[in-house]
Amino acid sequence: MKISCDIKVDHLTRVEGHGNIRIKIRNGRVEQARWDVVETPRFFEAMLVGKKWNNAPWICARICGICSIGHTLASIRAIENGFGIKPSEQTSVLRLLLKHMETLQSHLLHLYFLAAPDFLNVGSVMPLIESHPEVVKRAARLKQLANDACDVIGGRRLHPTRTVVGGFTMLPEKSQLSSLKKRMQAAVPDLTATVELFQTFTLPDFERETEFVSLKGDERYPFIGGGLISTDQVEMEEHDYLKMTNEFVVDHSTSKWSRLSRQSFAVGALARLNNNFSFLHPEAREVAEGFSLAPVNNNPFMNNIAQLVECVHVVMDSISLIDNLLDREWTEVRQPVCPRAGLGVGALEVPRGILYHAYEFDNAGRIIKADCVIPTSQNNANIHYDIFELAQQSASRGKSDGEIQHLAEMLVRAYDPCISCSVH
Amino acid sequence: MSADKRLYLGVPVERPKAAFFDFTSCEGCQLQMLNNEATLLDFLSLLDIVNFREAMSERSDDYEIAFVEGSISRADEVERLKKIRAQAKILVAVGSCACFGGVNQLKNRFGDLDWVKREVYGSNPVDSTEVRPVSAFVTVDLKIYGCPVKKEEVEVIVTNLVLGKSIVHPSYPVCMECKANHNICLFDLGEPCLGPITRAGCDSWCPSNRMGCWGCRGPAEVANVEQLREIMLKHGFSEEEMIDRLECFGGFSTYLSELK
Numbered sequence: 001m002k003i004s005c006d007i008k009v010d011h012l013t014r015v016e017g018h019g020n021i022r023i024k025i026r027n028g029r030v031e032q033a034r035w036d037v038v039e040t041p042r043f044f045e046a047m048l049v050g051k052k053w054n055n056a057p058w059i060c061a062r063i064c065g066i067c068s069i070g071h072t073l074a075s076i077r078a079i080e081n082g083f084g085i086k087p088s089e090q091t092s093v094l095r096l097l098l099k100h101m102e103t104l105q106s107h108l109l110h111l112y113f114l115a116a117p118d119f120l121n122v123g124s125v126m127p128l129i130e131s132h133p134e135v136v137k138r139a140a141r142l143k144q145l146a147n148d149a150c151d152v153i154g155g156r157r158l159h160p161t162r163t164v165v166g167g168f169t170m171l172p173e174k175s176q177l178s179s180l181k182k183r184m185q186a187a188v189p190d191l192t193a194t195v196e197l198f199q200t201f202t203l204p205d206f207e208r209e210t211e212f213v214s215l216k217g218d219e220r221y222p223f224i225g226g227g228l229i230s231t232d233q234v235e236m237e238e239h240d241y242l243k244m245t246n247e248f249v250v251d252h253s254t255s256k257w258s259r260l261s262r263q264s265f266a267v268g269a270l271a272r273l274n275n276n277f278s279f280l281h282p283e284a285r286e287v288a289e290g291f292s293l294a295p296v297n298n299n300p301f302m303n304n305i306a307q308l309v310e311c312v313h314v315v316m317d318s319i320s321l322i323d324n325l326l327d328r329e330w331t332e333v334r335q336p337v338c339p340r341a342g343l344g345v346g347a348l349e350v351p352r353g354i355l356y357h358a359y360e361f362d363n364a365g366r367i368i369k370a371d372c373v374i375p376t377s378q379n380n381a382n383i384h385y386d387i388f389e390l391a392q393q394s395a396s397r398g399k400s401d402g403e404i405q406h407l408a409e410m411l412v413r414a415y416d417p418c419i420s421c422s423v424h
Numbered sequence: 001m002s003a004d005k006r007l008y009l010g011v012p013v014e015r016p017k018a019a020f021f022d023f024t025s026c027e028g029c030q031l032q033m034l035n036n037e038a039t040l041l042d043f044l045s046l047l048d049i050v051n052f053r054e055a056m057s058e059r060s061d062d063y064e065i066a067f068v069e070g071s072i073s074r075a076d077e078v079e080r081l082k083k084i085r086a087q088a089k090i091l092v093a094v095g096s097c098a099c100f101g102g103v104n105q106l107k108n109r110f111g112d113l114d115w116v117k118r119e120v121y122g123s124n125p126v127d128s129t130e131v132r133p134v135s136a137f138v139t140v141d142l143k144i145y146g147c148p149v150k151k152e153e154v155e156v157i158v159t160n161l162v163l164g165k166s167i168v169h170p171s172y173p174v175c176m177e178c179k180a181n182h183n184i185c186l187f188d189l190g191e192p193c194l195g196p197i198t199r200a201g202c203d204s205w206c207p208s209n210r211m212g213c214w215g216c217r218g219p220a221e222v223a224n225v226e227q228l229r230e231i232m233l234k235h236g237f238s239e240e241e242m243i244d245r246l247e248c249f250g251g252f253s254t255y256l257s258e259l260k
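These protein sequences, in sequence, are chains A and B.
Using the numbering used here, count along the first sequence one by one with no gaps and you end on 424.
Using the numbering used here, count along the second sequence one by one with no gaps and you end on 260.
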């Protein structure tokens with residue numbers, strides 16, 4: 001059966017920010033399939049110009065309400081790299097622990113509150129409070145653990161207060177970390193139940209060969225700094241990020257687009273996992289194998305599962321990070337900062353993929369030029385081409401309008417886009 | 001949602017229909033609404049939420065309370081905001097962006113919108129106006145301050161709103177809360193701080209974490225900026241450092257124009 005349809009989704013729900021889907025099919029042929037970002041831009045890169053370095057992490061946290069810790073740490077890393085500051089081992093471990101808890105918080109929010117309703121055939125988590133109370137309570141328990149940990153280490157779960165260039169304004173009590181560790185150990189059954197819940201869901205069967213870009217693991221699954229890699233065998237240094245991202249402006253989107261070896265590429269949990277599978281914690285790898293998730297996986301819907309795998313990874317890794325911290329004598333809180341002219345680049349893996357902040361400084365440490373390349377802006381072109389391919393495949397299988405719209409919405413949600421972030 | 005009859009001291013409480021809307025912002029204040037997991041279900045049961053795009057697909061335009069996050073920076077946002085105002089009995093501005101423009105208004109300081117657009121988008125045209133708070137276009141019935149808003153404070157305010165009790169913001173500055181929390185003064189730790197002039201209610205959230213206040217809640221009832229300048233200078237902070245903080249969230253814009 002040759003289908004024709006017009007699908008228009010304005011301000012897609014259960015994603016962060018404002019984006020529209022357009023699909024037009026005539027007699028089984030896709031005439032148009034688009035992902036348009038219509039979010040109002042905020043101009044952070046301009047706001048920072050003329051500001052001293054210490055403003056940047058504080059202002060840049062506000063790029064994103066979900067990954068404010070990631071933006072703060074990327075901003076801090078760019079400044080520290082620019083000024084030649086190397087964080088101490090203790091600071092690095094604490095920052096990674098903080099990042100892990102943001103990853104957990106963000107992935108859980110997406111998996112339970114934004115993605116799961118599609119698989120349970122409801123419009124939001126609200127009806128689940130009645131129909132699946134255990135699921136909602138479990139989600140709240142896990143999310144609370146992650147958020148409490150962010151409060152303890154970063155001072156605040158959203159727009160953190162303790163994270164500064166050179167270290168932290170103050171440190172948690174060791175007893176707080178011990179209690180977090182106990183709570184993480186006690187949360188393992190909840191994680192297992194989350195894995196079991198997702199095993200009951202049927203993910204759409206869809207593939208499109210894609211280039212995946214992420215940080216390159218070096219002994220560990222990568223989150224903070226290091227080399228850049230793609231599944232098309234491109235490798236670069238962190239400071240060469242512009243050659244990895246190649247941003248350009250398109251007229252139907254307030255978000256910029258990116259490309260590397262192909263017309264688009266993907267970043268995020270699936271990209272990290274495709275490039276760094278061997279560095280996953282053994283228990284996380286086991287979960288991946290349970291879903292037949294192995295590199296290179298080209299099904300964007302599997303990003304949900306990659307996030308789930310990372311939830312297990314970050315909890316297991318956090319337990320050993322806390323052991324590491326409890327075993328050592330704690331020293332300084334904050335290193336001195338000596339501004340100098342030049343460029344500083346910081347690359348971090350945040351929940352939705354690789355994030356870059358880059359600042360050019362004058363002698364006094366004032367920002368002359370700022371550049372932030374956001375995971376979702378790197379993904380937007382890929383989402384766009386995925387929608388086209390999904391529409392094409394669905395049309396040839398004779399799917400109904402409603403089914404195609406639902407699949408397209410689920411596809412965009414699988415990327416967990418942070419749209420206001422992408423239009424910073 | 002169910003749980004239609006909620007009792008307060010044995011008396012049934014109406015659950016008003018409420019909607020959440022976002023404009024130019026990071027959407028973090030909406031996220032705060034879903035935080036505080038321990039009390040989340042109780043909080044949600046206070047309201048009949050009929051529109052919350054970030055969290056739910058069901059949408060209705062039949063609501064009494066509109067919670068509005070974000071600042072206004074494009075013509076279509078003004079139109080959308082006016083429609084919300086026309087529908088809502090009570091419009092609540094949530095967070096620094098909605099109340100003062102938030103960090104977004106930092107782009108206004110250049111007084112050159114064309115340069116701002118070119119700096120980020122090059123020659124590609126992009127639609128954006130000067131950033132304004134929600135109150136520049138519609139009547140705001142209630143403000144919830146903060147970047148981000150504090151969920152504990154939101155819970156108290158929303159509970160009072162639903163029960164018809166009065167809502168009173170503290171008139172005193174963050175300094176009072178900071179003292180009550182037995183913190184070492186940030187100035188004594190060598191950090192600049194707007195605690196002496198910023199409206200309290202956050203329980204000195206940042207200073208308690210040894211981060212000097214950046215004034216996200218705007219001025220206290222009495223905000224002596226001249227005296228703050230003296231304190232800043234006495235502790236060796238420059239005018240630039242003070243202005244960085246005063247202009248960060250937009251709450252002190254009238255004071256700044258006097259300073260400059």
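Hints are computed from structural coordinates only; laboratory data are not their basis.
Please read these numbers as outputs of a predicted model, since none were measured by experiment.
Do not take every clue at face value.
To be verified - Label pairs and their computed distance ranges (CB to CB):
{"no.": "1", "chain 1": "A", "residue 1": "Ala193", "chain 2": "B", "residue 2": "Ser257", "range": "31 to 39 Å"}
{"no.": "2", "chain 1": "A", "residue 1": "Arg340", "chain 2": "B", "residue 2": "Asp114", "range": "52 to 60 Å"}
{"no.": "3", "chain 1": "A", "residue 1": "Pro189", "chain 2": "B", "residue 2": "Asn124", "range": "28 to 36 Å"}
{"no.": "4", "chain 1": "A", "residue 1": "Asp10", "chain 2": "B", "residue 2": "Asp141", "range": "44 to 52 Å"}
{"no.": "5", "chain 1": "A", "residue 1": "His11", "chain 2": "B", "residue 2": "Ser171", "range": "33 to 41 Å"}
{"no.": "6", "chain 1": "B", "residue 1": "Asp141", "chain 2": "A", "residue 2": "Leu120", "range": "35 to 43 Å"}
{"no.": "7", "chain 1": "B", "residue 1": "Lys260", "chain 2": "A", "residue 2": "Lys137", "range": "32 to 40 Å"}
{"no.": "8", "chain 1": "A", "residue 1": "Glu235", "chain 2": "B", "residue 2": "Ser171", "range": "55 to 63 Å"}
{"no.": "9", "chain 1": "A", "residue 1": "Arg340", "chain 2": "B", "residue 2": "Gly190", "range": "17 to 25 Å"}
C-beta atoms are modelled at their ideal positions from N, C-alpha and C, and glycine is treated no differently.
Quick rundown of the hints versus the structure:
1. A beta carbon spacing of about 57 Å between Ala193 (chain A) and Ser257 (chain B) contradicts the range 31 to 39 Å that was offered as a hint.
2. As the Cβ distance of Arg340 (chain A) to Asp114 (chain B) is approximately 32 Å, the hint placing it in 52 to 60 Å is violated.
3. Our hint of 28 to 36 Å for Pro189 (chain A) and Asn124 (chain B) is violated, since their Cβ atoms are close to 51 Å apart.
4. For Asp10 (chain A) and Asp141 (chain B), the Cβ-Cβ distance of about 28 Å falls outside the hinted range of 44 to 52 Å, so the restraint is violated.
5. Checking the proposed 33 to 41 Å range against His11 (chain A) and Ser171 (chain B) shows it holds: the Cβ atoms sit about 39 Å from each other.
6. Under the hint 35 to 43 Å, the C-beta atoms of Asp141 (chain B) and Leu120 (chain A), about 37 Å apart, fit the expected range.
7. Between Lys260 (chain B) and Lys137 (chain A), the C-beta spacing of about 53 Å breaks the proposed range 32 to 40 Å.
8. Look at Glu235 (chain A) against Ser171 (chain B): about 59 Å separates their beta carbons, and that is inside 55 to 63 Å.
9. The hint said 17 to 25 Å for the Cβ distance between Arg340 (chain A) and Gly190 (chain B), and at roughly 22 Å that hint holds.
Hints 1, 2, 3, 4 and 7 from the list above are not met by this structure, while the remaining hints are.
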